[in-house]
Amino acid sequence: MTSILFAILFYFATLMFVVGTFYRIGTYTRTPAPLKIPTTPAPITSGGVVLRMVREVLLFESLFKANLWTWAAGWLFHASLALVLLRHLRYFTDPVWNWVAFIQPFGMYAGITMLLGVAALWARRIFVERIRYISTPSDHLMLALFFVISLSGLVMGFVDHTDVVAVKGYVLGLMHFAWLHSEVQALPSSMVLYMHLFMVAVLLMIFPISKLLHAPGLFFSPSRNQVDDPRDKRHISAWAKQLESES
Amino acid sequence: MADIAAPAYRVIPIIPALKPGAMEGSGPFVANDKIQEALGFPGQLVEDWHDRAIAKMGDLLKKYRSLKVFLDACVHCGACSDKCHYFIGTQDPKNMPVARQDLMRSVYRRYFTLPGKLFPKLVGARDLTRDVLDEWHNYYHQCSECRRCSVFCPYGIDTAEVTMAAREILDSVGYGQKYDNEIIGKVHKIGNNLGLPGPALQDTLEGLEEDVKDATGIDVRFPLDVKGAEVLVITPSADFFAEPHIDSLVGYGKVFHATGTSWTLSSMSSEAANFGMFIGSYEQLRKVALRIRQAALELGVKRIVVGECGHAWRVAYSFWNTLTGVGDGADQDDKFALMLQKQLDHRYKQPTHICEFTWDMIERGALSFDKEANDKHIITFHDSCNVARGSRMGDYPGGQFDIPRNIIKAVANHFVEMDPATTHERTFCCGGGGGLLTDDLMDLRVKGALPRMEVLQQAVDQHGVNFLAVICAICKTQFSKVMPYYGFDRKMVGGVHQLVSNAIRLGEK
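Residue numbers (the numbering used here), protein chains in the order written: chain A, 1 to 247; chain B, 248 to 756.
What the hints contain is simulated information worked out from the structure, not anything from laboratory work. Bear in mind that the values here come from a model prediction, so they are computed numbers and not experimental data. Among the hints, a few may not be true.
Some chain A residues flagged as far from chain B (calculated, every beta-carbon gap over 10 Å) [unchecked claim]: (1) 3; (2) 28; (3) 220.
Only pairs whose alpha carbons sit at most 25 Å apart, straight line, appear in this in silico BS3-like list of lysine-lysine [unchecked claim]: (4) A:241 <-> B:589; (5) A:241 <-> B:368; (6) B:309 <-> A:241.
Heads up, the beta-carbon is just placed ideally off N, CA and C, and yes, glycines get one too.
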């Protein structure tokens with residue numbers, strides 16, 4: 001029964017995540033940027049913009065300039081999260097890709113650093129007056145969500161081991177729609193696992209309607225993704241061009 | 248206004264504690280119906296302001312990707328929270344960039360996002376009430392659109408874009424700002440921010456020619472409306488009469504004289520400033536800029552050079568090509584832009600900053616200087632915010648930092664830098680930019696200057712700095728006005744071309 005409920009939940013969450021995120025990205029793509037507004041000094045070639053973006057995505061360059069503590073906590077959290085996510089590919093691939101197998105131990109410990117990162121970010125939100133002032137309840141809940149996800153993951157990895165083979169069987173079953181033609185492999189019965197999976201499903205569902213949109217948003221930020229060449233090339237949006245034919 | 252006082256210097260770099268409500272009632276005067284209607288805005292707050300404001304917001308969200316992405320992407324990380332000069336000077340938490348954005352983001356969430364519609368409290372969403380609207384008018388006129396916050400934001404969120412959108416919404420419901428909208432009206436009517444008509448401008452320029460003749464013995468011309476001149480100079484109208492601005496205008500004239508460049512000013516288009524940007528209105532921005540296109544076409548000039556002005560250079564450099572076709576690289580079927588672009592000489596960047604022009608001439612060896620003429624000055628340079636973070640000079644990123652400094656070093660012997668945490672892209676706004684250079688915001692302007700004054704004081708104490716060079720008309724006016732509050736002589740402020748003017752040799756070459 002629980003297995004079926006989780007199956008429904010995950011299909012639904014994945015659908016919301018994919019459709020919602022694509023919808024948002026579609027909106028961003030369709031919305032014009034009528035003026036050149038890169039924050040200068042900005043790259044003057046597209047190659048330069050790609051490099052700027054890579055530095056922002058991988059190193060959090062701007063945040064580094066802003067505040068070392070926020071940068072350290074934020075980078076630790078995101079880098080750990082990336083490693084943890086990649087490690088989880090083992091549950092989705094059979095046979096497991098070599099590099100995914102290789103990063104397994106690193107991914108395990110990244111769970112710990114991820115938790116540390118979340119804790120540091122949360123502490124900042126609670127104890128720094130300015131950050132406390134701007135925080136909404138959802139900001140705290142978001143951190144709580146990541147806290148519970150990483151903590152429950154760590155418990156399963158280091159304390160109360162789950163039957164990972166069964167989990168993998170269940171996930172692959174969902175992925176291949178195995179329930180259409182045969183029995184689905186059941187989820188192991190574990191409260192920690194249930195909690196872990198439930199929170200992940202919640203995360204997927206709120207992604208396209210919350211501040212988690214900062215992930216796709218960065219790529220569409222005109223102050224970061226525009227080439228600084230307004231004198232060399234006329235940049236004009238459709239609705240602005242319209243004004244010219246009217247006058 | 249007698250009770251306005253400068254805040255005490257901080258022990259740098261302590262981040263100030265919050266003083267909620269400190270600047271609650273410190274907003275600007277509201278525009279009256281005459282001022283509003285001249286720009287096509289409703290004269291007074293309309294009955295159905297709520298619905299019209301939300302509709303306008305929806306409209307802007309479809310027209311500007313910046314607004315849409317910036318309202319979605321913020322994670323409340325706080326990177327920007329201590330970066331705004333107005334926050335540092337006033338300690339009002341709503342002057343933190345993120346909190347300023349949240350004044351609008353909260354409304355966006357309530358009306359345009361699912362979580363905000365379902366659980367407003369949870370995500371900090373709120374209804375657009377009259378109090379919220381008043382709060383917008385108050386705090387979106389305590390932002391100088393200087394973009395310092397956007398340098399530090401991990402997603403490049405630029406509060407200026409949000410401020411512009413807010414001001415546009417306020418205008419659309421009849422709740423504009425007096426200073427900005429009155430000035431835009433003057434440009435439409437007369438051609439410049441000051442309302443200085445053509446004949447008066449002619450007189451001023453003739454007087455200037457006499458003054459320069461008296462001082463140097465040389466006939467330096469300040470031509471007006473000369474058809475067929477090579478260069479059209481578009482400069483902030485403050486350059487025509489205000490101190491210390493006019494000394495830089497003299498500098499431009501001397502550079503053109505010494506290099507034998509034929510140039511002209513235009514009486515019809517006698518303003519580089521474009522307050523259309525400040526109020527976020529593309530239509531106003533465009534309408535003001537079109538005067539320059541018209542003047543260039545009528546006078547048949549080959550080059551357009553822009554005088555010392557911060558936001559004007561941002562508009563010229565970043566937006567003129569889009570708005571008016573002053574630039575290069577229009578599509579083959581773009582008749583509107585090509586009409587002008589075919590006339591311009593593309594061996595030069597269009598438009599060109601006066602500093603680019605002068606530095607180019609220095610590099611070519613076309614100018615020579617008596618640097619000793621500036622020996623009484625120990626000079627430092629304040630990067631104007633819009634030049635630093637909204638534009639460029641030269642052909643590589645960061646040229647806007649090097650070129651003015653190169654000029655200063657070429658014309659003077661004593662140049663020192665201020666604290667690097669407050670120069671280049673990290674520079675602080677002077678405190679009077681973004682359409683806030685008005686007496687009704689004096690308290691804000693004095694407080695907003697605090698971070699710049701602190702590091703200037705350091706430079707004075709360490710190096711004996713006695714000249715603050717800038718390339719912005721607003722910086723010049725703002726510093727002249729607020730520096731006495733901090734115990735500085737207002738005459739410390741001057742333009743880069745004022746220094747050029749002091750040292751340039753006119754008799755030779």
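task = Below or equal to 25 Å on CA atoms is what counts here, so check residue 309 of chain B against residue 241 of chain A.
result = 16 Å, holds
request  = Could you check that no beta carbon of chain B comes within 10 Å of the beta carbon of residue 3 of chain A?
outcome  = 29 Å, holds
query = Non-interface claim for residue 220 of chain A: all C-beta distances to chain B beyond 10 Å?
reply = 5 Å, violated
ask   = Can we confirm that no CB of chain B comes within 10 Å of the CB of residue 28 of chain A?
value = Violated, since 6 Å does not exceed 10 Å.
request  = Verify the proposed pairing of residue 241 of chain A with residue 589 of chain B, using a straight-line Cα cut of 25 Å.
outcome  = Judged against 25 Å, a Cα distance of about 19 Å means the pair holds.
message = Check whether the Cα positions of residue 241 of chain A and residue 368 of chain B lie no farther apart than 25 Å.
response = 41 Å, violated
In summary, the structure is inconsistent with hints 2, 3 and 5 from the numbered list given earlier, while agreeing with the others.
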